[in-house]
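Participant: Take the sequence shown: its position 16, counting from 1, is numbered 16 in our numbering, and each next residue is one higher.
Certain hints may be false.
[As the list claims (entries may be wrong)] Label-pair restraints from in silico Cβ distances:
(1) Asp94 - Glu153: 21 to 29 angstroms
(2) Tyr56 - Tyr3: 18 to 26 angstroms
(3) Pro51 - Glu89: 35 to 43 angstroms
(4) Asp134 - Leu25: 32 to 40 angstroms
[Unchecked claim] Cross-link-like lysine to any residue pairs, in silico, SDA-like; alpha carbons within 20 angstroms at most:
(5) Lys78 - Lys121
(6) Lys104 - Gln61
(7) Lys121 - Tyr75
(8) Lys155 - Asp134
(9) Lys113 - Glu153
(10) Lys161 - Glu80
(11) Lys121 - Lys104
(12) Lys161 - Ala107
(13) Lys29 - Asp94
(14) Lys121 - Ile135
(15) Lys11 - Asp94
(16) Lys78 - Gly96
(17) Lys86 - Arg65
Rather than coming from a laboratory, the hints here were simulated on the basis of the structure.
Just so you know, even glycine gets a beta-carbon here, dropped at the ideal spot from N, CA and C.
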Amino acid sequence: MLYGLQPVYAKHSRVMILGSMPSALSLQKGQYYGNPRNAMWTILCSLLEEPLEEDYQRRLQMVLRHGLAFWDMAYSCKRETSADSKIREVTPNDLGWILRECPKLEAFAFNGKKAYEMFCKFYDCKGKILLERDIDLLVMPSTSPAHAALRLEQKQEQWAKILPYLTKNE
Numbered sequence: 001m002l003y004g005l006q007p008v009y010a011k012h013s014r015v016m017i018l019g020s021m022p023s024a025l026s027l028q029k030g031q032y033y034g035n036p037r038n039a040m041w042t043i044l045c046s047l048l049e050e051p052l053e054e055d056y057q058r059r060l061q062m063v064l065r066h067g068l069a070f071w072d073m074a075y076s077c078k079r080e081t082s083a084d085s086k087i088r089e090v091t092p093n094d095l096g097w098i099l100r101e102c103p104k105l106e107a108f109a110f111n112g113k114k115a116y117e118m119f120c121k122f123y124d125c126k127g128k129i130l131l132e133r134d135i136d137l138l139v140m141p142s143t144s145p146a147h148a149a150l151r152l153e154q155k156q157e158q159w160a161k162i163l164p165y166l167t168k169n170e
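Between the sequences and the hints, there should be enough to build the whole structure, so can you do that?
Facilitator: In structure tokens form, the structure reads like this:
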């Protein structure tokens with residue numbers, strides 16, 4: 001059984017990026033998007049016009065400063081490899097809890113179709129979930145190196161959909 005990472009969020013977070021479950025390398029490092037071949041940090045830094053920091057804590061500070069948050073759909077699961085297709089026996093994270101913790105949250109941005117499919121299995125695909133609150137659902141292309149169908153520039157174009165939600169919160 002694998003257990004995911006703790007959420008990264010602030011009270012002012014407006015967009016929560018939801019993955020399915022961190023890769024084996026990310027879990028080993030205890031870092032979101034810890035595989036250097038994952039495009040998440042490159043994409044976010046480009047969109048937010050920030051330098052790509054090597055230090056993980058500085059990366060997290062950038063995420064929070066811009067009103068972003070990270071979490072995953074799975075609290076726990078079984079998976080033999082890092083492939084999303086191998087995920088089974090999922091216990092979901094409590095998104096109702098995170099909505100109470102983040103009153104300004106306006107959107108969930110799913111990092112890939114698997115995360116969105118998991119959301120639909122455990123919650124309401126129509127966008128009105130828990131607490132009768134409107135949350136926009138943005139299904140983004142996976143930033144994983146396994147998702148090579150799109151070039152980095154194409155992924156970045158799609159991920160730019162999060163920008164209207166964000167405000168810089170110093």
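Participant: Now look at each hint and say whether the structure bears it out.
Facilitator: Checked hints:
1. Asp94 - Glu153: 21 to 29 angstroms: Given about 36 angstroms between the Cβ atoms, the range is violated.
2. Tyr56 - Tyr3: 18 to 26 angstroms: At 19 angstroms between Cβs, range holds.
3. Pro51 - Glu89: 35 to 43 angstroms: holds (40 angstroms)
4. Asp134 - Leu25: 32 to 40 angstroms: holds (36 angstroms)
5. Lys78 - Lys121: holds (17 angstroms)
6. Lys104 - Gln61: Status holds; Cα separation ~18 angstroms.
7. Lys121 - Tyr75: holds (14 angstroms)
8. Lys155 - Asp134: violated (26 angstroms)
9. Lys113 - Glu153: holds (19 angstroms)
10. Lys161 - Glu80: violated (33 angstroms)
11. Lys121 - Lys104: At roughly 25 angstroms apart (the allowed maximum being 20 angstroms), Lys104 and Lys121 break the hint.
12. Lys161 - Ala107: holds (11 angstroms)
13. Lys29 - Asp94: violated (23 angstroms)
14. Lys121 - Ile135: Given that 20 angstroms is the threshold and the Cα spacing comes to 17 angstroms, the pair holds.
15. Lys11 - Asp94: holds (17 angstroms)
16. Lys78 - Gly96: Violated, at roughly 23 angstroms.
17. Lys86 - Arg65: Distance ~34 angstroms between Lys86 and Arg65 Cα, so the pair is violated.
When each numbered hint is compared with the structure, violations occur for hints 1, 8, 10, 11, 13, 16, 17.
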